[in-house]
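Go ahead and model the full structure; you've got the sequences and the hints to work with.
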Amino acid sequence: MSTKTEPTTAGRLTGYTWILVLLPLLLLGVVLAYLVVTGGGLTDLAGPPIEQVKIQRITLPEAGVIRVEVVNDGPQAVTIPQVLVDDAYWAFTAEPSNTIARLGTAIFTIPYPWVAEETHIVRLISSLGVTFDGLVAVAVESPQPSFDLFWRFGLVGLYVGVVPVALGMLWYPFMRRLSRQAMNFILALTIGLLLFLAIGTWLDALEFAAELPAFWQGVPMVALIALIALGVLLVIGARGQQRERTPLAVAYLIALGIGLHNLGEGLAIGAAFSLGEAALGTFLVLGFTLHNITEGVGIAAPILRQQPPFRHFVLLALLAGGPAILGTWIGGFAFNPVLATIFLAIGIGAILQVIWEVGKLIARDTGDTGQPLFNWVNLSGVVVGVAIMYFTAFLVKF
Amino acid sequence: MFPIKLPRFLARRDFLRLSLGGTAGLAGATLLGQAVATQQGQDSPATSHHSVHGNSLLVGEVDHARNGFDPMQILVDWDYGAVSTLSSGQTLREYEILAFDKEIEIAPGLFFPAWTYNSRVPGPTIRCTEGDRIKIRFINAGSHPHTLHFHGVHPYEMDGVPGAGPGEIHPGQTFTYEFDADPFGCHHYHCHALPLKRHIHKGLYGAFIVDPKVGRPPAREFLMVMNAFDTNFDGDNEIYAVNTVGHEYARRPIPAQVGELIRIYLINITEFDPINSFHLHAEFFDYYDHGTTLEPTLRKVDTIMQVQAQRGILEFRYRWPGQYMFHAHVSEFAELGWMGLFNVVAPENFAAALAEVGVDEAWNQKAIGGSTVAAK
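Just so you know, the sequences run in chain order A and B.
Using the working numbering, you'd call the opening residue of the first sequence number 1 and step up by one each time.
Using the working numbering, you'd call the opening residue of the second sequence number 399 and step up by one each time.
Treat each hint with caution, since some may be false.
[As the list claims (entries may be wrong)] If you want the ones that stay clear, here's a sample from chain A, every Cβ over 12 Å from chain B, calculated: (1) Gly64; (2) Leu84; (3) Thr99; (4) Ser127; (5) Leu248; (6) Leu318; (7) Trp376.
[What the hints assert, rightly or not] Covered by chain A, according to a simulated footprint, are these stretches of chain B (three or more residues, beta-carbon under 8 Å): (8) 508-519; (9) 636-649; (10) 712-723.
Derived from the structure by calculation, the hints contain no laboratory data.
Glycine included, each C-beta is placed from N, C-alpha and C at the ideal position.
Here it is as C-alpha cells:
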C-alpha cells in the first residue's frame, strides 16, 4: 500500500508545488488586469503626459543631409511633429515613424544644407512643445565604410595599441638582467599602471553610461558588469588554485585586461574621427603611443624569470594592442554606446582581477627575497607606475 | 533662441572636447540589433508651396476645425458687436468676451495649452468707429484671474489692471467694461493680470480697430497680429506667426488682386523678444504708426519694426501678379514660422485663388467691406 501511495503522493506534491509557484503569478495577473482596466482608483493621480526622447547619434551621411537617431526613453510613446535645425523649422522624413513607442527608435532624415566645419544644432519638438537638442560640434561628412578608410582607421589602432605595447615589451631583455628586487619594482610599477587604467576605464564607462537612454540604468550596469566580470575571472582563476598560476598565464590576463581597455580607447578615437574631431589627428595618436608604452612593460613584467617562446610575445602584443584596431573600426563605422559601455565595464573587472593576480605574484617574489610585502621598493614601484601613466596622459587629455 | 543648453556629450575622452572649447559632439548609435536604414529621397513632406521656400518650413497641416478658428478667417473677421443707438444718438456696440483655457494647435502637430478670449487666439477683433460707446461683458471661465486691458482712452476703473476698478476678474466672475472708442487707430487689448508675461504669451490678446469718422479709402483689409509661443516655457519662443499658426499663410497664400489697395492692421504682441518686424517683398508701403493719423507717418518703406504692443497700418498695391513673401525680417522668426505669402492675381483669376486656400466670396466681402463700415 505504502509503496503504491508514495509515487501518487509525490505526483500530488508536484502538482501542488506547481500551484504554489503559479498562484502568486496568477494573482499578479489579476491585479495587473484590474489596474489596466479600472485604473485601480489611481486615475486622479495621473499627471500630464511625460514626453522624453534621447538623441543618440547625429551623422552627416552626405552633403545636404542630416541623420538623427532618436530613442524614446520616456514612459510612453512620443510624437515629434516638427524638427528644427539651427533655429529653423525644416522638412524631414522619419523612419519608421515620427511617433516613437517607448523603448523604440526612429531615424530622422533632414535635407539640410549643413556647412562643413561649422556647428549645427538639431532640435526635436514634441507634440506638447517639449524640445530635445542635439549638437553637431564640427560638421564633417560621416565616414562611410571604404577600404581606404578601413585601412587608415586600422593604422590608427595599430599606432595606438599594438605598436606601443610591442615597443614596451622590447624592454624585456633589459629587464631580465635586473636584480630580483628591481624585477619586483617592475611588477609593482605594473600594479600602478593597472590602477591608473582601472580608474580611467571606470570614468570612461561612466561617461558612456551617462549618455545611455535612461532605461539602461547605465551606472548600475557598469558597476554590476564590472563586479560580475571580476567574479567570473576570480572563479576561473581559482580552479587551478592547487597549482600556482604560471607567470605566463598572469601575463595573458594582464594582456586581456589591457586589451579591453584599449578597445575602449579605440572606440573613442574612432568615434572622434567620425565626428570630425580628428583635427587632433597625428599629435593625439603620438600621445597615445607614448602613453601606452608602459602597458608593454606591464605585460612583460610577470615573465621576467622565465623565457617563453617568442610566439607568446607576439600573441601577448596582439591581445593587448589589437583591440585598439577593432575599437577604432567600431567607433568609426558602427559606434554603439551600449556595447561600448559593456566592454568597458568588463574591462574594469578584468583589470581589477589582474591587479589581484599581480599582487599575489609580488607577494610571492617579495617573500622569496625575505622582505615584507609593503616595502619602499614596491611602494615606489606603484607610485612610479601611476606617475608615468598620469604624466604621459597630459599628451592625450585636453 | 537656443538657450545655451548644449547636450551632454557622449564621447568619453576629454580630448574630444577640444574641438569646441568645452562642448562636444554627439555620437552614439542605435540600440542593439535595431536596423539603421537611411531613407533618402523618399516622400518628402507634402507642401503646397514647396518651391518658394524649399525645405525651410513646418511639415504638415493644422486642423483648424478642431482648433475652432481659422487664421484665414481671422484676417478678415471684424466684430462690430451688437449695434444699437443710445438716446444721445451715440452708437452703442455690445460684446461678450469669455476667457477660456484651451489647447490649440499652433503648428502642425504641435499643441499649446493656451488661454483664449472666445476660444481663439488672437481674440475677437473689436471694430468700431471713433466716438462709439463700447460695452464688453467679460466672463472669466478660465482657471486663473484675467482682465481686459484696452490700449485706448478710458477712465481709470476701466483700465483692466489689478487694483483699478474691479481689478482682476476671478474665475467665475463677470465684469462689464465700458468706454468710448478713442482715438481712432489700430489698437489692441490684452489681459493685464499678473504675472503679465505669462498671461500675454498664453494667448490673451486681440485687435481693437477704431475707424476714423471720415473713414479710410476703400481697400482690401487684413488683420495681422504678430505673436509667438513658448512651448517649453523656457522664456524663449518656439513658434512665431501672424495670427497664431506658424507658416499658415505660406501653406495658404492670401489672395489679393493686382492694382487694388491693400491695408494691413499690424499688431505686435510677441512676448520675450524686444522687437518684431514686417518686411514686404517686391513693393513698398506707407505706414501709419498706431493708425492714429490720416497721413502716413512713414512713406515708401518696405520694412518696419514694432516693439511689443506697437502697431500700425500698412497700405500698398501690387503691380504685377505673383506670390509675394512677407515676413519678419528677424530671419530667425521667419524660419520659426512667421512668414507668409500674398497670392496676387488678375481679377479673372481671383475666384480660383480664393478656392485654392479654401475661402469663399463671403470672405472676400469681409476683406473689402471693412473699410466701408465707417461710412455705414
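Hint check:
| no. | hint | in the structure |
| --- | --- | --- |
| 1 | Gly64 | violated (9 Å) |
| 2 | Leu84 | violated (8 Å) |
| 3 | Thr99 | violated (10 Å) |
| 4 | Ser127 | violated (5 Å) |
| 5 | Leu248 | holds (33 Å) |
| 6 | Leu318 | holds (24 Å) |
| 7 | Trp376 | holds (33 Å) |
| 8 | 508-519 | holds (count 3) |
| 9 | 636-649 | holds (count 3) |
| 10 | 712-723 | violated (count 0) |
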